[in-house]
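Number of protein chains: 4
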Amino acid sequence: MSELLVSKWLNTRDDISLEQLRGNVVLVYVFQMLCPACILHSIPQASKVHQVFAPEKLQVLGLHSVFEHHDAMKEQSLRAFMHEFRIKFPVGIDKASIRTKGIIPQTMEKYAMQGTPTLLIYDKKGELRLQKFGHIDDIELGFILGSLTSEIVS
Amino acid sequence: MSELLVSKWLNTRDDISLEQLRGNVVLVYVFQMLCPACILHSIPQASKVHQVFAPEKLQVLGLHSVFEHHDAMKEQSLRAFMHEFRIKFPVGIDKASIRTKGIIPQTMEKYAMQGTPTLLIYDKKGELRLQKFGHIDDIELGFILGSLTSEIVS
Amino acid sequence: MSELLVSKWLNTRDDISLEQLRGNVVLVYVFQMLCPACILHSIPQASKVHQVFAPEKLQVLGLHSVFEHHDAMKEQSLRAFMHEFRIKFPVGIDKASIRTKGIIPQTMEKYAMQGTPTLLIYDKKGELRLQKFGHIDDIELGFILGSLTSEIVS
Amino acid sequence: MSELLVSKWLNTRDDISLEQLRGNVVLVYVFQMLCPACILHSIPQASKVHQVFAPEKLQVLGLHSVFEHHDAMKEQSLRAFMHEFRIKFPVGIDKASIRTKGIIPQTMEKYAMQGTPTLLIYDKKGELRLQKFGHIDDIELGFILGSLTSEIVS
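Residue numbers (our numbering), protein chains in the order written: chain A, 12 to 165; chain B, 12 to 165; chain C, 12 to 165; chain D, 12 to 165.
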């Protein structure tokens, strides 16, 4: 299990870790608030998955991984965005690069993501089963979620 | 298992029965060719499921159950419709009512369907697991299909 | 003015001619009931134009021009289709070819249409101002209609 | 003519005034960058109108009128938003309230707008002909634009 590196969690009382969520299927929607494909496709899909299946069947998380326009997407802006777009699931802020002048946040770099939106899906054992850059069709996503939640963990 | 009552199968060399398909998850899209909700939502969803998952993961069938405008939806018209809408999966024609002046075809009556579109989903054992009148969202359908195909039949 | 050649008008008490409608901007949506692009785009647009603008600002007509699957799209089927798709504007049936074995109906041939959907737009003087095969975007269509209805005819 | 009160223009070399644009039909899309209805409907419509009709037939402008989450929607954020959403038309920043603790920007207050999105349409004489809060359908907007551009100004 490759833990998310998060500087701050929003929309949740307590911090969240993948370790804690072991035993659950977990989706992590990695996004930037000013990414059109995220706004038009990814965030609405995340909200639908959250509304239809969480928390009984699975867990939905967001991860705000800013790799461009950093000054335009700080916490304050993200909070306004989440309020306006009615995001109800927990969202973590990807830790800023530790390198001088580094622009890629730490989780994004660790996972070698190509950009946003990226979807990460972990099974009940905490294994990463899907890492997908771009859009995934609802019916294919639903199939994966139905399959993974059916897995019996000994 | 409650067998479909079909007078003729199109888009298939051999006749089809649920009995034959035991061991597979099977979807039956019940429709009428002049039903707007069928054309706008149900048939496109059926074609997507067929294209994405069949025949490895599941089987998709259509059932043309005409309960109104009978003269406008005969086999010849259905064949033109299937050609124009590029329906690639097998479609059965629901058997006409055996009663004098009966307008509800036999499978539709046997299953007490409320109209079209109706979706029937059978598990690998041939048990009917879902009968839904109207539209089902792609993500919910995908989840059901992922769950059912994961079931292990002893 | 190049009159429509119609064997029968539906959804109207009296027969209709372009000559009668002179003084009005007139849209003619040429379609086949089993043409997917007609069902998905053209007919819904025609119904919207009819609902928003007719009859005060303009007239909307349909023309059923069958050039394939003739037996599947006869008057009876068309009537069922119009009922199911709630078509409220008058629809004429394009006159069958006068030639032996001719498959292209007379208005379609006279206008050298490439297929369906085709949109014909006439100005207040009865002049054909647009003949377009395929889809036209709502905003471009609206602009043309706003322009043509603004023309002053002396 | 009730001039826009703008602190700064983006996407244009020179400042813009309605007075200068007299003789043109002018659309002003009033928006906030974190307003979902603006992002999903209004900005895409503005970009389409700009692409299809401007600058020959009409002028498209944006006005960024922030009345909430002010700190999240400053110029820097707006510039990132405009870059990501590929906004090609000029956008003015509505002047901040002159009153202490005032949150409604000056143009928004002057026009008594109810919120965002709001669409303002001026005719060739510079008269305001439409002020609409919320979404306007493409076909209705196209009709208005076709009508107004057809008006002859003596």
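Accuracy of the hints is not assured; some may be wrong.
No distinction is drawn between identical chains; accordingly, a pair holds when it is met within one copy or between any pair of copies.
[Said to hold, decoys possible] DSSO-like mimics (lysine-lysine), calculated; alpha carbons at most 27 Å apart, straight line:
1. Lys143 / Lys99
2. Lys136 / Lys68
3. Lys112 / Lys59
4. Lys136 / Lys85
5. Lys135 / Lys106
6. Lys85 / Lys19
7. Lys136 / Lys112
8. Lys68 / Lys85
Just so you know, the hints here were simulated from the structure itself, not pulled from any lab data.
Going down the list of hints, with the structure as the test:
1. Lys143 / Lys99: within (22 Å within a copy, 29 Å between copies)
2. Lys136 / Lys68: Answer is both: 15 Å inside a copy and 24 Å across each meet the 27 Å cutoff.
3. Lys112 / Lys59: Neither way: Lys112 and Lys59 sit 37 Å apart in one copy and 38 Å across, limit 27 Å.
4. Lys136 / Lys85: neither (33 Å within a copy, 44 Å between copies)
5. Lys135 / Lys106: For Lys135 and Lys106, the Cα distance is within 27 Å only inside one copy (25 Å; across copies 46 Å).
6. Lys85 / Lys19: both (12 Å within a copy, 23 Å between copies)
7. Lys136 / Lys112: Neither, since 36 Å and 53 Å both go past 27 Å.
8. Lys68 / Lys85: neither (32 Å within a copy, 40 Å between copies)
In the structure shown, a violation is registered for the earlier hints numbered 3, 4, 7 and 8, in ascending order.
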